[in-house]
Amino acid sequence: MSAIGLLLGLLVLSYLGGMLRGTRAIRGFGLPSGSEYLCLGFVLGAQVLDLIPLALLQSFRPLLLVGAAWIAFVEGLGYTRVGDRAIGLGNAVLGVLGAALVGASVGAAVWFAVPHFQAAAGQDRILLAGGIAVVSCASTRQAVRWAMLRYAAKGPLSDTLAAFSRASTLVPVLGVSLLLSRVGEAGLADVGLLVRFGLTWGIGGILGLVAVLLIGRGLTRDEVWGVLVGTSLLAIGIAAELGLSSLASGFALGLTIGGLSSRRKELLGMVRGTERPVLLPLAVLAGALLNLRAAPMLLVLIPLVLSVRALAELARGALLTLVSRAARPAGSLVGLALMSMGEVTLACAASLALSLDSPATKTVLAVGVMGVLAGEIVGPLALRRALGRAGELDAGAPEPERLSLDPGGNEA
Amino acid sequence: MSSVAQRKGGFATRLVQALALGVVLLMMLAASLTAPQTDQALPVVTALGFLLLGGTLLSELLGTIGLPHLSGYLLAGIIGGPYVLHLVDHDAVERLSPVNTLAISLIALAGGAELRVSTLREVARSVGYALGLQSAVGLVVLSGAFIALSRYVPFARGLSWPALISVALLWGTLAVCRSPSACLGVLSQTRAKGPLSACSLAHIMASDVVVVVLMACVIVGVRPLMTEGGSVSVEDLRALGHEIVGSIAVGTTLGLGLAAYLRLVGGNLMLVLLALGFGLTAFMRYIHIDPLLSFMTAGFVVQNLSLQGDKLLHSVEQTSSLVFTVFFAIAGAHLDVPLLRQLWPIALGLCSIRAITIFGTARWASRLAGDEPVVRRWGWAPLVSQAGLTIGLSVVIMRAFPEFGEGFRSLVIACVALNEVIGPVLFKFALDRSGETAPQT
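One line per chain: the protein sequences are A and B, in this order.
Under this note's numbering, the first residue of the first sequence is numbered 1, with each subsequent residue one higher.
Under this note's numbering, the first residue of the second sequence is numbered 1001, with each subsequent residue one higher.
By construction, these hints were calculated from the structure, which means they are not laboratory data.
Built from N, CA and C at the ideal position, the CB exists for glycine as well.
Each hint should be verified, as a subset may be incorrect.
Said to hold, decoys possible - Listed next, with one range per pair, are the computed distances between beta-carbon atoms: (1) A/C39 - B/T1252: 38 to 44 Å; (2) A/A315 - B/L1264: 30 to 36 Å; (3) B/S1352 - A/G5: 28 to 34 Å; (4) A/C39 - B/H1288: 39 to 45 Å.
As the list claims (entries may be wrong) - Residues of chain B clear of chain A, computed beta-carbon distances all greater than 12 Å: (5) L1048; (6) Q1189; (7) A1216; (8) V1421.
Unchecked claim - Pulled a few chain A residues facing chain B out of the computed Cβ check, cut under 7 Å: (9) V66; (10) G83; (11) G230.
If we strip away everything but chain A, and leave its shape as in the complex, we get (with noise of 0.2 Å):
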């Protein structure tokens, strides 16, 4: 296949995308993570049907670097609230905890299994713990609203899950950064973790500022729309050079603007519509950058990492019911109800192996797509069985404001 022909391949992708947002089509057809076109990528990929091969996914990295910081970005911009609703401290604080708990609790058990299978030196070793905690402790927040869409879920649990998810987006994402800030081979070479750390996020917070003050000095919207593309791309770009991760970046200019600007609805409302576009071509080439053959101890670490993460996130559940009052009826199966994983894991698995070549990182990415398709397969079930013990499944049409929803059904 031609450079051309894989664009307009990803642009037809990006086509189905902009039709699937609305909401009507999710209730229709379609997976929460979007993990169908993982698999479609998979065999499009060099290691079934060769009609993407390595080489010409290459010559799309930046395009697939900046694809995936900008689903951060969109993410960081809508952190703080699900719908028209703030998360609260509370919930949000719980989702940070419960997230670095499920992530922690499985980089331990990668980081002291692995020397049991392969010499893996202090890098490595980092990069595989590291990097598979970082792509197992998401919960998508897709998952929750496709409940609310499928099975006209309506209730505090659902908030509360919802509240959750999206809180939880915040680890994977300072995990990504801590460990390009830890591995990263290019850039600032010289300077230490922290500050690697600290112009990670003070890039996106810095150009987030100048997005701010700008767009709060009333620009058309063609002018917004530059100055939002122009900061994530210089965000994206600049991190991305300095050997620092991109992804974080992106997020913390979303995070900027969403917390200090004025308009941060208006702007919401103009990036989410491109969040889908972005997110299938993104991917189906993740999945065409699988490859099984470079990435060593699958077959161990698939099957380890899974149940380390279904325990703790039983733990999580457990956890959930001493502290909230929402979580009670539904048990520890709540836990697993967050197994689902999307766009977030997607990004960070593909931000890891775009920025590191390594078969460490490749090694990442299997997981993290494994674990995608593995939630899929858990966390609905266990969403709707948890919904259901708490009484909230079939409870009336989704209200639009809790979804972020315009009066049409479609997503705003």
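Here the structure of chain A is known, so what remains is to put chain B in place on it, guided by the hints.
Just chain B now, kept in the frame of chain A:
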């Protein structure tokens, strides 16, 4: 978005914009000094971000003194480009060339869609006179000017008389070339409506076709004078005819398809336009069809053979705002400042003669056509700009006549640099003075 659309243009706003620009420049400088340049692809992302943000900010700042947005985009490219601050290097500029492909297709599509048959009927007489006289007089006078100044042109000094006349004719033909992108860029910013806007657009779009045909004829005609034993080849003209007819046929089909899509589906038009801009352009080049003419025809067909013209124009406008910013900023980054420094006296001389010729001929044509006073007074202003098409044709000449092509192209680039910077300013000034600029732009 009404609140976002509400404009505030006070001192504080400009100060914030200037500060923001300073921060962006500092960050770019710091990154370019620190980054190891191990991956050639990554600076493209940074460059794109800088051109977009820098272009947007500079256009706002220059808007304070009445300059068009386009000048801001160009200036951002010049300042950040490889010849001044070197924040965007040559490689990044080259890698961003697909944006040009996309921009040209959007410009042509919008240009065609702006041409309504009813408007064309109104301005047909005016455009007919202007186009005929500008082409004929421009060709003769500017060829003569080139011969007169040839002793100052490095590559023309040693040429024999027949060769000099040939080069002069090629120069004269290029001088007739206008800039549809600059015209549409300024019109899109000012949202101008009126006889001057209508005449300018129709004239510049039509002159594209005239120049392409004229250039092919001149190349065929001068080849025997330039090449020993060379003769006029009818094959070249046949190929040209095939290209023009083919382009119109493909454009008509595309236009009908687009009209059907707009009528039946209508959604996600931005992605459809992107796919057409990248994919169809590549296909057209492969089958030797002129994308510019095809897209122009497609836009014309949608506007005049369906009820979807306004929808198309709106979508192109939405898609093109960011693309145009980057397109013109890239044009600025391409501007060869050292070359301009070297050739500016002769370039300035040739550009001045061209501008005077355009001015005089426009006045003459307006009098003959009985144009409205506003067109009679300002009809020359939109014709000064030159940009991508002129450079593209100079590349054609360079390939056809390698013996002097390189020097010829350098002089063209120097002249285009001047016309590209001055032309849009003149056009916006004319629109403002003629009262055709929409309020609050």
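Indices of hints not satisfied (ascending): The structure conflicts with hints 2, 3, 5, 6, 10, although it agrees with all the remaining ones.
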